[in-house]
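*Asks:* Residue numbers (the working numbering), protein chains in the order written: chain A, 361 to 1361; chain P, 880 to 982; chain E, 416 to 602; chain D, 242 to 657.
Because the hints were derived from the structure by calculation, they are not lab data.
Hints should not be assumed to be uniformly reliable.
[What the hints assert, rightly or not] Derived list of chain A stretches under chain P, where covered just means 3 residues or more per stretch with a C-beta under 8 Å from a C-beta of chain P:
no., region
1, 651 to 664
2, 785 to 798
3, 1100 to 1109
[Claimed, not checked] Below, a list of computed lysine to any residue pairs in the SDA-like style, where the Cα atoms sit at most 25 Å apart:
no., chain 1, residue 1, chain 2, residue 2
4, D, K593, P, D914
5, P, K954, D, Q487
6, A, K994, E, I568
7, A, K994, E, L528
8, A, K879, D, K256
9, E, K564, A, D612
10, A, K994, A, R1012
11, A, K933, A, D612
12, D, K394, A, R504
13, A, K1278, A, W1196
14, A, K933, A, T912
15, A, K1253, P, R906
16, D, K305, A, A934
17, A, K1053, A, K1113
18, D, K593, D, D274
19, A, K850, A, T574
20, D, K509, D, F396
21, D, K256, A, N474
22, D, K394, A, A516
23, A, K513, D, P398
24, D, K256, A, T912
25, P, K965, A, E1108
26, A, K579, A, E367
27, D, K509, A, G384
28, A, K579, A, V589
29, D, K305, A, R794
30, D, K509, A, E502
31, A, K1245, A, Y1104
32, P, K960, E, P489
33, P, K965, A, N1099
34, A, K879, A, G747
35, A, K517, D, K394
Ideal placement from N, C-alpha and C gives every residue a C-beta, glycine not left out.
As a plain string of letters, each chain reads:
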Amino acid sequence: MSRFRTEAGGRVKRDKVLSFTFDGVAYQGLTGDTLASALLANGVHLVGRSFKYHRPRGIVTAGPEDQNALITLRRDAARETPNLRATQVELYQGLEAESQNRWPSLKFDVNAINGLASSLFVSGFYYKTFMWPRSFWKNVYEPRIRAAAGLGKAPAKADPDRYTSRYVHCDVLVIGAGPAGLTAALAAKEAGATVILADEGAEFGGSLLGDAVTTIEGKSTDAWMSDVVMNLAMSDKVRMLARTTAFGYFADNFVALVERVTDHLAAPSDALPRERLWQVRAKQVILATGALERPLVFPENDRPGIMMAEAGRSFLNRYGVKVGLRAVVFTATDSAYRAAIDLKQAGVDIQLIADLRARPPADVVDEALACGLTVRAASTLCGTQGGLRVSAAEVGEVNGDLTIGRKEVVDCDVVLMSGGWTPNINLHSQSRGRLIYNETTQNFLPGAPGYDNVSIGACKGTYDLSATMNEGYAAGEAAARASGRKGGMKKGFSSLGGLAMGGGHLGVVPHDRDPGRVKAFVDFQHDVTAKDIKLATREGFQSIEHVKRFTTTGMATDQGKTSNMNALAIAAKAIGKAIPEVGLTTFRLPYTPTTFGNFAGTARGDLFDPIRKTPMHDWAAAQGAPFENVALWKRAWYFPKAGEDMHAAVNRECKTVRTTVGMFDASTLGKIEVVGPDAAEFMNRMYVNPWTKLEIGRCRYGIMCRDDGFVYDDGVVGRMAADRFHVTTTTGGAPRVMNLMEDYLQTEFTDLKVFLTSTTEQWAVIAVQGPKAREVLAPLVEGIDIGKDAMPHMSVREGRICGVPTRLFRISFTGELGFEVNVPADYGQGVLDAIWREVREAGGCAYGTEAMHVLRAEKGYIIVGQDTDGTLTPDEAGVGWAVGKAKADFLGKRGLMRPDLTGPSRKQLIGLLTVDPKRVPDEGAQLVASAAPAKGSHALGHVTSAYWSENLGRSIAMAQLENGRARLGETVYITSLTGAAFPAVVADPIFYDKAGARIDV
Amino acid sequence: MLLVTCPYCGPRPEIEFRQAGEAHIARPAITCSDDEWADFLYMRDNHKGYMRERWRHVAGCGRFFNVVRHTVTDKFVASYKVGEEKPAIPAEAAAGPRVEIVR
Amino acid sequence: MSETATRLSAFAGLTLPAVRNRLSVTVAPDAIRYSLRGSPAAAAALGAVFGPVPSTTACRATSAGDRAALWLGPDEWYLLAPDGDAAALAASLSAAIDEPHALVDISHRNVGLILKGPRAADVLNGACPLDLSETAFPVGMSTRTLYAKAEIILWRTGLDTFRVEFWRSFAGYIVGLIAENAREHAV
Amino acid sequence: MHFSFFSLLRQAFAKHEGWPRQWRDPEPKPAYDAVIVGAGGHGLATAYYMAAEHGMRNIAVVEKGWLGGGNTGRNTTIIRSNYLWEESEALYDHALDIWQDLSQVLNYNVMYSARGVLMLAHTIHDVQVAKRHIHANRLAGIENEWLDPGQCKDFVPVLNLDPNIRYPIMGGALQRKGGVARHDAVAWGYARAASALGVDIIQNCEVKGIRRDASGAVCGLDTTRGMIATKKVGVVAAGHTSVLMQMAGVRMPLESYPLQALVSEPLKPIFPCVVMSNTIHAYISQSDKGDLVIGAGTDQYNSYSQTGGLHITQHTLDAICELFPMFRRVRMLRNWGGIVDVTPDRSPIIAKTPVPGLFVNCGWGTGGFKATPGSGHVFAHTVATGEPHRIAAPFTIERFKTGRLIDEAAAAAVAH
Ligand SMILES: Cc1cc2nc3c(=O)[nH]c(=O)nc-3n(C[C@H](O)[C@H](O)[C@H](O)COP(=O)(O)OP(=O)(O)OC[C@H]3O[C@@H](n4cnc5c(N)ncnc54)[C@H](O)[C@@H]3O)c2cc1C
Ligand SMILES: NC(=O)c1ccc[n+]([C@@H]2O[C@H](COP(=O)([O-])OP(=O)(O)OC[C@H]3O[C@@H](n4cnc5c(N)ncnc54)[C@H](O)[C@@H]3O)[C@@H](O)[C@H]2O)c1
Ligand SMILES: Cc1cc2nc3c(=O)[nH]c(=O)nc-3n(C[C@H](O)[C@H](O)[C@H](O)COP(=O)(O)O)c2cc1C
Ligand SMILES: [Zn+2]
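Model the full assembly from the supplied sequences, consistent with the hints where possible.
*Replies:* Spelled out as structure tokens, the structure:
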């Protein structure tokens, strides 16, 4: 066992030795260690390099607030995780860790040369230079700045791990399981509440885990904690979540927790997610998140080996690790004395305790003296020595006038510092709580909360242990009552020992070094020094928000947990304002950095967005059809035969439909059943068309506008009964049309008795189109005369097909004789099988959305969303004929009367025939007046649809063109991405069978 | 995620709802002026403070309803059905200092 | 005349998850499903012949025998009856209602899954944001809600039994998501 | 003091003691020739160009908080000009032109980085929309090109090109001149340059009322730092525009929504450009510091809270992880919100108002950072001369009455 591991004590399992590597070197640690404690147990302090100057960095804290100990963990090539805090990484067998932001090695880092130029690289220096020559920014300066910045490397491979989420509700959510949180949870549970207790740590207990001397209710902290934890765990009303960080506090007491489920395991089960997101809605929230110890800002305070005093104590008491053999303690706080005593008792040489305060509390000092420690009041550190590890501290006497008197260089291999305690108000503040500044303790404390929560214990500035527990118990009981439970009894706790946490110092300590040159760090990771902050204020960055952004202090991965208060104090002093006047920067989520995977959760791959499949999807897939994404649906795109590419397949499908027959899955079209005595009037108001006179059994093509007058959706509507319409919508438009209808029905047209039901998925729809369509259906249909006269174009009948009920529409989106067979969805495949047999017999084919698009374009039928874009009136979209001009009102009527919608030179839908018939324009190409339009020429319009038409043996296109209908026969030019614009003749958009003779057969 | 109280179903998570803009904007008669029509279509109070707005419990009971919500704190203070009497808008609480100081 | 078309379930080809004795997922049998829209009076009139009288209390289902009526909105109920002639039943029900209303057959629009077992609520809460505790979501409660990005109707039919109804095209997504959310409960 | 490597060097020897304030911190004067309300990028740029190009020196910018602290200080900094309509093309490309040498002109490195903006297409509809933009842009002389999936991958090696993903990538539209800039530096650079020209930038000064004389014309502002007399007021207050215009009795076609953004922990360079996906709704770039900068759509409700819901961030990041599945293990460092003022057609308003002397520049919604220099430039002309700049002319309030919308949203539904 190494010199740094104690003989006994701590919570590590001494008989369970684990091997791990750091930067390829093999080490051993114990079960219960963090990577940080295990490294320290091996005498390793140097773990990283800072962001800007690449200065050597050591472990500073024992918790999540560490800015320095960031490492990359590697399980395999896809499971590489950068920027993990070694202080939070639990050791497992075989763990492989690597340091970051250094090259070629941690000990020798070339970029450390930045440090030499640090007098140039002050805050914001990049705003002042790198501007000449102009092109150098992009090619020379910026790439270098980028390469030097950044910490770890992003993983190179897709993350194979899974992340899940769970919504939960509870009466009382307790965040933090130190003495405050444990007692609060206990009380809430006893008062009958449902409780969630979450703590970021691997074990419950918080600060008590690093405490070896305190007793609570006569028990050791250990015994007390395990009793309480056991008591809570036994209850089915309490959910205990360890390794779980409350990272975000949202409106209405919605709190997000992330549980790290498998990161600590050497060989996790693959049934387990790596992380679980708990989305908690709590009636009451208790914040028991403790306090964070602050560093002292003194010259060269960043060398490895300089760390927080309480961290030193924690490493000792919890992990059985001595952070060094010879320590200097530099403090402005009482609690560091306890660290010194504990370490001394473990055999660490405490060279001296240098207390910044002129008169530290006598009882605290006396206890230290009684333990044989040397205490020097009114002492400071004017600097430190050492390369990759601190080797000495320069201790100086602080005179009454804050000058430095006698100085002494004291050898050491570790400096334990304590600048005081900062209540952890992050979550309180995220919950939009107000703040109170206590001038005596120089702390920001939680004021009135934004939602139903309360802060207790150290995060509220209560440092006395008994008081903390009493506060915790009372808060738990009150929260249970506030959440509607019966409440419980009052209870008092007594403890002995505890930790005196008074005192503290903000900002730079007195020293005798040149403040313009010396580096006294405030933000270790971002290399922000006291003089950077002063520089910022000198340059006019006086708001603390400006100071933050100019210096980047507090923007590191700890978000200022350790640095913000010192930065604020330095800035306030420089500006000459009081601390609360300068104010804190905003606390934001996440409390500690949280994986993207945790947010993304199960929404990945096929579960990323629902995949909606029609009842005949698998059949189309079996036919080899590729699918097209349309809204959430997958639609069969085309049906290639062996050896066919898309074009060949589409050409064949188009030909076949016009010569024989084709079959098409149209199930995705939206369908709404509009029912009620006022159904026709409702339709009159919602659609531009008139409906009153539509006969039962007949259909009409409907156009819907919004009240702005622009085309919103379209579809064929069949009248099933006097009071019942079968309305169809576009595939993508179905939900929004339904929403719009409900909106007007519920809030505007409340005089109408009408009811809406979505039937999109009730019906599978098989379109049968082509000259042989009737022939195909005839043998399958029962009870409907589908003859030419009995069932004319644009009619609908109810009957049976293949023995099942159908709504049979005679409609056509191809310009051929056509039917759309609606059957209850589960029968879709069965009916399709039967139709398919007939279709094949007739020499027909199945066709997909691409052929459907071509066929409808040959007929000049628009597709809303492709030939319209939300800026076109019905007239411009070529469907002005549908508008019921005599109607008193409809959605869009008033909008269409606005001056600009009636004015001249609006666009109109036209057809285009390219002069070169083989040339198919790009959809989206612009229309211009010449082959080589000058840059900035006005576009006359654009191509909305363009296809190769095998039936016509040439290309066809539809377009929007200014005054288009007046330009029939004129030549316009179509832009190309590969060359000059090319000519096309403006034509009627109906390219095929203008007279409509083929439909009416 | 806000907790929205549906006047039919009670408090439910925001994701079940769609906000539907400012409430009580009546659709003017077809004979109105262009200005009035523009007011109806586009002009909004966009008030900072208490706002009456419409929500639809789309993944719930499907109803449109009205609420009073504060657009700075995002807190809901009332929900009411279409056609119900408008609840009063509470008085705006005076904003205290951002940071209170104790000695 | 061609032979009668057979039914093909939306769950064909999907594997339903199960976690030992903690969760079973089964497909609800084919059923008649209607959307009833209309006033409470219309619903009451229907109830007189249908069996269960549709609830006027929000988010509550009523059932009688193998028929059930789930409150979905103040003018909307979701009716369930054993499989049969949906059109005939609808005609007889509608005949009993004088009020304006809509009774629309959605037997094939929707499909159902039954989740049963002590982990059913947890698996649902993997993607459903509601409080599924017995007090907040008691047996007999029914409502439309969400399962991640899909809309569902959730009906608690027993302490550890839920019926989930949704549009058929979402079957693959919902089954896949239930499986994903169930996976960790195997441990 | 002129900023340069040499001034930096000189100051290094002088321990950086000699740097002057980057902008003055004046007390408000009792009266100005014109006052701009809002010291965001647009307001500061407006004041700068009023001073630099229109010789107006007796002017002020008043700001309720700290300059640059509005949306300017919280946006994802995407710059591009490949908009659809001719009016928008002219406006955004005017801005893009100014970006090219803005650092030199302002003598402030705003770190404009033309890394290229790639807008992905995942559906046939996306492809059609993208190509329509490319054709329109080329005609206007704005560069924008189509990349097939392979070319997309070459441009962004970390892109997930798997054809079996939920929304496979079918290609993308690339504007190479598009990119990012350092948002704070833009505000600071304009502030410094404007201040040097005599513009008073008055922070912590909230406008509480707009005074009008008997004729109805603007005559002054009530602020938390006293009354300021002026006959010209330019409101450039982004999310707060409605609040200010209400003070003058003008109702606006605006709604303010939360828009969230987030950054990851800093990483070594991995992401060489900007990628946007409109269909699955997210966009991403990497800052010079190494953090991935990510954003998406707004929350659904009006709010002035500068925060939003978790589910919005979840959707943003599920989209990012779908496109870049190696980023699942990367961690979010910070998530925040801004207040974006959205017009019905998603185009800005840069205009005179019915109130004489009152001008407004707003409605930039989720995408106005890129326009900062151009917007300031044309609005300065509008305020200084009293008549709209040629490029600003179509961006009136009246368009909502006549129906002459410039509907970027309907045409493409692209933000930013
Ligand atoms: C998260 C997010 C991401 C974005 N991403 C992009 C992007 O990638 N690309 C892009 O081009 N755009 C983006 N935008 C939009 C862009 O940020 C804004 O359009 C742009 O910054 C607006 O600048 P501004 O100067 O008009 O407004 P702001 O910077 O908001 O300035 C307005 C100022 O007015 C002040 N003010 C308000 N009321 C008063 C008053 N009563 N008195 C005095 N002062 C007042 C405010 O305090 C504020 O400082 C994004 C926005 C957000 C929020
Ligand atoms: N750091 C300290 O606060 C500290 C140090 C030494 C002694 N003490 C003693 O303990 C008493 C205070 O106890 P306490 O319970 O208030 O604090 P605590 O530090 O004992 O417990 C706080 C707990 O909150 C957890 N936590 C913090 N933020 C969290 C988050 N966002 N999500 C999940 N967990 C989070 C921490 O992991 C920790 O376990 C003091 O009165 C003092 O006697 C406290
Ligand atoms: C482009 C960009 C990059 C940012 N990078 C960081 C960063 O690296 N670290 C950080 O803490 N915050 C970063 N921020 C966020 C700011 O800290 C801050 O959240 C944002 O300006 C909004 O202000 P607020 O959170 O104080 O309200 C960045 C913001 C932007 C716009
Ligand atoms: Zn409801």
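*Asks:* Are the hints correct? Go through all of them and say.
*Replies:* Hints, verified against the model:
1. Coverage of a stretch by a chain is defined here by at least three residues with a beta carbon nearer than 8 Å to that chain's beta carbons; for the region 651 to 664 of chain A and chain P the count is 0, and the condition is violated.
2. Only residues whose beta carbon comes within less than 8 Å of a beta carbon in chain P count, and the region 785 to 798 of chain A has 6; three or more means the coverage holds.
3. With a cut-off of 8 Å between beta carbons, the region 1100 to 1109 of chain A has 5 residues touching chain P; three or more are needed, and the interface restraint holds.
4. Distance restraint check for K593(D) and D914(P): the Cα-Cα separation of roughly 17 Å lies within the 25 Å cut-off, and the hinted pair is therefore satisfied.
5. Between the alpha carbons of K954(P) and Q487(D) the distance comes to roughly 23 Å, so the proposed pair stays at or under 25 Å and holds.
6. A C-alpha spacing of about 24 Å is found between K994(A) and I568(E), which places the hinted pair at or below 25 Å, so the restraint holds.
7. Only pairs whose Cα atoms come within 25 Å are accepted, and K994(A) paired with L528(E) is accepted, the gap being roughly 23 Å.
8. Straight-line distance between C-alpha atoms of K879(A) and K256(D) comes to about 12 Å, which keeps the hinted pair within the 25 Å bound.
9. Taking the CA atoms of K564(E) and D612(A), the gap is near 22 Å; set against the 25 Å cutoff, the hint holds.
10. Proximity of K994(A) to R1012(A) is assessed by CA-CA distance (about 22 Å); at most 25 Å being required, the pair is judged to hold.
11. For the hint linking K933(A) to D612(A), the alpha-carbon distance of about 38 Å lies beyond 25 Å, and the restraint is violated.
12. For the proposed pair K394(D) and R504(A), the alpha carbon gap of about 24 Å is at most 25 Å, so the pair holds.
13. Between the alpha carbons of K1278(A) and W1196(A) the distance comes to roughly 34 Å, so the proposed pair goes past 25 Å and is violated.
14. Straight-line distance between C-alpha atoms of K933(A) and T912(A) comes to about 19 Å, which keeps the hinted pair within the 25 Å bound.
15. For the hint linking K1253(A) to R906(P), the alpha-carbon distance of about 12 Å falls within 25 Å, and the restraint holds.
16. With a CA separation close to 23 Å, the supplied pair K305(D) and A934(A) stays within the 25 Å bound.
17. Distance check on the hinted pair: K1053(A) and K1113(A) sit about 19 Å apart at the alpha-carbon level, within 25 Å; holds.
18. The hinted pair formed by K593(D) and D274(D) meets the criterion: a straight-line CA distance of about 17 Å does not exceed 25 Å.
19. For the suggested pair K850(A) and T574(A), the alpha carbons sit about 23 Å apart, so the restraint of at most 25 Å is met.
20. A C-alpha spacing of about 18 Å is found between K509(D) and F396(D), which places the hinted pair at or below 25 Å, so the restraint holds.
21. As the CA atoms of K256(D) and N474(A) are separated by approximately 17 Å, the hinted pair is consistent with the 25 Å bound.
22. Under the criterion of a C-alpha separation no larger than 25 Å, the hint pairing K394(D) with A516(A) is consistent with the structure, at around 15 Å.
23. Proposed proximity of K513(A) and P398(D) is supported: the alpha carbons are some 15 Å apart, at most 25 Å.
24. Restraint check for K256(D) and T912(A): the C-alpha separation of about 20 Å stays at or below 25 Å, so the hint holds.
25. Between the alpha carbons of K965(P) and E1108(A) the distance comes to roughly 17 Å, so the proposed pair stays at or under 25 Å and holds.
26. For the hint pairing K579(A) with E367(A), the CA-to-CA distance comes to about 24 Å; that is within 25 Å, so the pair holds.
27. Note on K509(D) and G384(A): the hinted pairing holds, with a Cα-Cα distance of about 21 Å set against a maximum of 25 Å.
28. With a CA separation close to 14 Å, the supplied pair K579(A) and V589(A) stays within the 25 Å bound.
29. A hinted pair counts as satisfied when its Cα atoms are at most 25 Å apart, and K305(D) with R794(A) qualifies at roughly 20 Å.
30. Proximity of K509(D) to E502(A) is assessed by CA-CA distance (about 13 Å); at most 25 Å being required, the pair is judged to hold.
31. For the proposed pair K1245(A) and Y1104(A), the alpha carbon gap of about 21 Å is at most 25 Å, so the pair holds.
32. In summary, the hint linking K960(P) to P489(E) is supported, as the alpha carbons are separated by about 11 Å, within the 25 Å threshold.
33. Distance hint between K965(P) and N1099(A) is fulfilled; the C-alpha atoms sit about 24 Å from each other, no more than 25 Å.
34. Pair hint K879(A) plus G747(A) holds up; C-alpha atoms about 15 Å apart against a cutoff of 25 Å.
35. Distance restraint check for K517(A) and K394(D): the Cα-Cα separation of roughly 15 Å lies within the 25 Å cut-off, and the hinted pair is therefore satisfied.
Against the hints set out earlier in the document, violations occur for numbers 1, 11 and 13.
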